[in-house]
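Asker: Sequence order for the protein chains is P and C. Mapping of the first sequence onto my numbering: position 14 corresponds to residue 16, and the numbering continues sequentially without gaps. Mapping of the second sequence onto my numbering: position 193 corresponds to residue 246, and the numbering continues sequentially without gaps.
Bear in mind the hints are in silico, worked out from the structure with no lab data behind them. Careful, some of the hints might be misleading.
Said to hold, decoys possible - Below, a list of computed lysine-lysine pairs in the DSSO-like style, where the Cα atoms sit at most 27 Å apart: (1) C:K191 / P:K115; (2) C:K130 / P:K9; (3) P:K34 / C:K290; (4) C:K191 / C:K290; (5) C:K130 / C:K191; (6) P:K9 / C:K191; (7) P:K34 / P:K115; (8) P:K12 / C:K130; (9) P:K115 / P:K12; (10) P:K115 / C:K290; (11) C:K303 / P:K115; (12) C:K270 / C:K191; (13) C:K274 / C:K191; (14) C:K303 / C:K290; (15) P:K34 / P:K12; (16) P:K115 / P:K9.
In case you want the letters, here they are:
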Amino acid sequence: MTMLPQKTGKKLGLVIDLDICVGCQACAVNCKEWNTGGHMAPLTDQDPYGPAPNGVWFNRVHSYEARGACGSQTVHFPRSCLHCQDAACVTVCPTGASFKREEDGIVLVNEDKCIGCKLCSWACPYGAREFDEVEGVMKKCTLCVDRVYNENLDPEDRVPACVSTCPAGARHFGDLGDPESDVSRLVAERGGMDLMAEMGYRPTNKYLPPRPRKRDAADVGAASNQLNPVQDQSSAFLKWVDKVLSR
Amino acid sequence: MHPAFSVIFFTTASGAGYGLLFLLGVLAVTGQLPSHNAAFAWGSMLLSLGLISAGLLSSTFHLGHPERAWRAVTQWKSSWLAREGVAALFTYVPAAVFAWGWLFEQRTDGPYAVAAGLAAAGAVVTVFCTGSIYNSLKTIHQWHNAWTMPNYLLLGLYTGSLLLGAVAVLTGLETGRGFSLYLLGVLLLAWAAKAVYWHFIATTHHPATIESATGLKHLGKVSVLEPPHSSENYLLKEMGFQIARKHADKLRKISTLSLFVTPLLLVVASLYAPMPVSGMALVLAALFAALGVVVERWLFFAEARHVVTLYYGASEV
Chain P
3 MTMLPQKTGK KLGLVIDLDI CVGCQACAVN CKEWNTGGHM APLTDQDPYG PAPNGVWFNR
63 VHSYEARGAC GSQTVHFPRS CLHCQDAACV TVCPTGASFK REEDGIVLVN EDKCIGCKLC
123 SWACPYGARE FDEVEGVMKK CTLCVDRVYN ENLDPEDRVP ACVSTCPAGA RHFGDLGDPE
183 SDVSRLVAER GGMDLMAEMG YRPTNKYLPP RPRKRDAADV GAASNQLNPV QDQSSAFLKW
243 VDKVLSR
Chain C
54 MHPAFSVIFF TTASGAGYGL LFLLGVLAVT GQLPSHNAAF AWGSMLLSLG LISAGLLSST
114 FHLGHPERAW RAVTQWKSSW LAREGVAALF TYVPAAVFAW GWLFEQRTDG PYAVAAGLAA
174 AGAVVTVFCT GSIYNSLKTI HQWHNAWTMP NYLLLGLYTG SLLLGAVAVL TGLETGRGFS
234 LYLLGVLLLA WAAKAVYWHF IATTHHPATI ESATGLKHLG KVSVLEPPHS SENYLLKEMG
294 FQIARKHADK LRKISTLSLF VTPLLLVVAS LYAPMPVSGM ALVLAALFAA LGVVVERWLF
354 FAEARHVVTL YYGASEV
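Generate coordinates for the entire structure from the input sequences, incorporating the hints supplied.
Answerer: Rendered as structure tokens:
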């Protein structure tokens with residue numbers, strides 16, 4: 003059913019810390035590895051070892067440079083389904099294959115009902131959905147619905163594959179509908195934000211902005227006035243050191 | 054956006070077919086259909102329903118699973134695509150009754166007039182749903198605007214009107230000055246709507262930026278340092294399709310020339326030329342417009358820019 007639930011029991015989602023992400027691609031790789039055998043399996047590839055590999059991934063890690071008054075900064079940016087509360091990808095679906103779960107807000111695709119019209123991917127501003135050319139159906143992040151409730155896994159492993167594998171601790175999983183949850187507190191503390199809030203899709207996943215850069219650290223490392231030759235220093239001791247070393 | 058041929062054919066062919074069905078329905082309701090001419094009745098009805106059906110069938114060709122297409126009518130409560138399917142199927146019912154009365158009973162009055170009216174209404178509703186599929190996508194500024202819908206409705210009516218004229222001429226009917234004047238009016242309206250649409254998309258863009266897409270506005274100007282993958286993916290092939298501006302300009306000229314300018318001259322000629330020439334002018338006008346509307350629809354897709362391309366470094370969408 004493609005009508006959105008009025009309200010979901012939980013709002014399961016991810017919190018991604020852009021201050022910590024190092025762009026190692028481990029989350030993307032582990033996502034592909036788990037999900038090619040998981041709920042949406044297989045995540046097919048065409049020409050995987052050839053000159054133009056092409057395949058289905060649920061998670062893509064971009065790297066951006068932001069240039070501002072404080073110089074430029076590199077930001078690594080994982081992009082995946084945000085499990086929106088007003089998910090247009092669900093409401094545009096003509097068949098009922100796309101749906102948002104009432105119990106936890108996870109947005110899923112029923113592959114047996116999908117006709118592969120691609121309209122949901124047009125409706126998503128975040129590029130979360132990728133069409134599987136081999137299977138002829140749309141695929142997307144499942145928030146590892148087959149892990150988070152999986153009693154065959156150890157409790158600490160009942161998180162999405164991307165979260166469990168992140169070596170830097172940049173990804174967090176939890177109930178964003180519960181203001182007392184760890185993820186909600188993290189979002190409140192760090193000013194977690196919605197991507198393209200102006201689109202009005204109310205994404206569940208939040209991104210934590212990079213912390214402000216420490217100006218003094220940059221100065222110590224690279225500022226030109228710190229790189230002057232030693233003889234310009236007024237200290238008599240340094241002048242003597244310079245003289246000795248210059249022999 | 055990637056211009057899929059099946060969708061271009063569907064929207065142009067069924068647009069013209071519904072335009073023609075609408076006109077036949079209105080003519081039937083107002084008692085202006087020439088019921089004595091079997092060739093015109095069969096020709097116009099078959100052309101209308103044939104174009105509609107061929108278009109609908111073709112729209113299933115781009116699906117990953119065409120055999121499941123029947124499922125696409127179930128979610129009419131939320132989906133414009135499903136509503137389009139429902140409207141298209143429902144329109145067949147009164148259209149079939151109307152066609153039966155006109156073709157086999159030579160009657161377009163009473164219950165058949167009611168069916169004709171319903172078929173005309175169904176045609177408008179179906180094209181409205183088609184336009185709404187595109188118009189409702191907030192992710193594409195070139196579609197999500199006030200000019201998309203008038204374009205779909207007016208181009209359907211305009212191309213359907215030209216088909217009506219062509220069929221009438223080819224089946225030996227005299228179309229008359231009034232019809233040529235009507236064609237002129239619809240042509241100018243459709244042209245104006247398209248010109249306003251092109252002006253709108255040339256002078257405005259989507260409010261989203263790479264900064265709002267990444268949430269990094271507070272850090273300054275954002276640019277792509279490294280892409281997430283080394284070759285194309287589905288998103289870039291489907292949503293990243295872009296047409297070079299110089300080609301877009303050329304194609305707009307071709308479309309304008311073929312869809313509006315040439316038919317305009319031919320319709321004006323039909324006003325003043327003697328009978329066989331004026332008739333042939335209307336047939337030629339329909340042929341030129343058919344080519345022009347395909348180019349127009351190709352551009353409608355090729356010039357549409359999706360917000361997801363911001364993540365891949367598009368400067369504006």
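Asker: Look at each hint and say if it fits the structure.
Answerer: Here's how the hints hold up against the structure:
| no. | hint | in the structure |
| --- | --- | --- |
| 1 | C:K191 / P:K115 | 25 Å, holds |
| 2 | C:K130 / P:K9 | 18 Å, holds |
| 3 | P:K34 / C:K290 | 20 Å, holds |
| 4 | C:K191 / C:K290 | 20 Å, holds |
| 5 | C:K130 / C:K191 | 19 Å, holds |
| 6 | P:K9 / C:K191 | 23 Å, holds |
| 7 | P:K34 / P:K115 | 23 Å, holds |
| 8 | P:K12 / C:K130 | 25 Å, holds |
| 9 | P:K115 / P:K12 | 25 Å, holds |
| 10 | P:K115 / C:K290 | 24 Å, holds |
| 11 | C:K303 / P:K115 | 42 Å, violated |
| 12 | C:K270 / C:K191 | 21 Å, holds |
| 13 | C:K274 / C:K191 | 24 Å, holds |
| 14 | C:K303 / C:K290 | 23 Å, holds |
| 15 | P:K34 / P:K12 | 26 Å, holds |
| 16 | P:K115 / P:K9 | 24 Å, holds |
The structure is inconsistent with hint 11 alone, although it conforms to all the rest.
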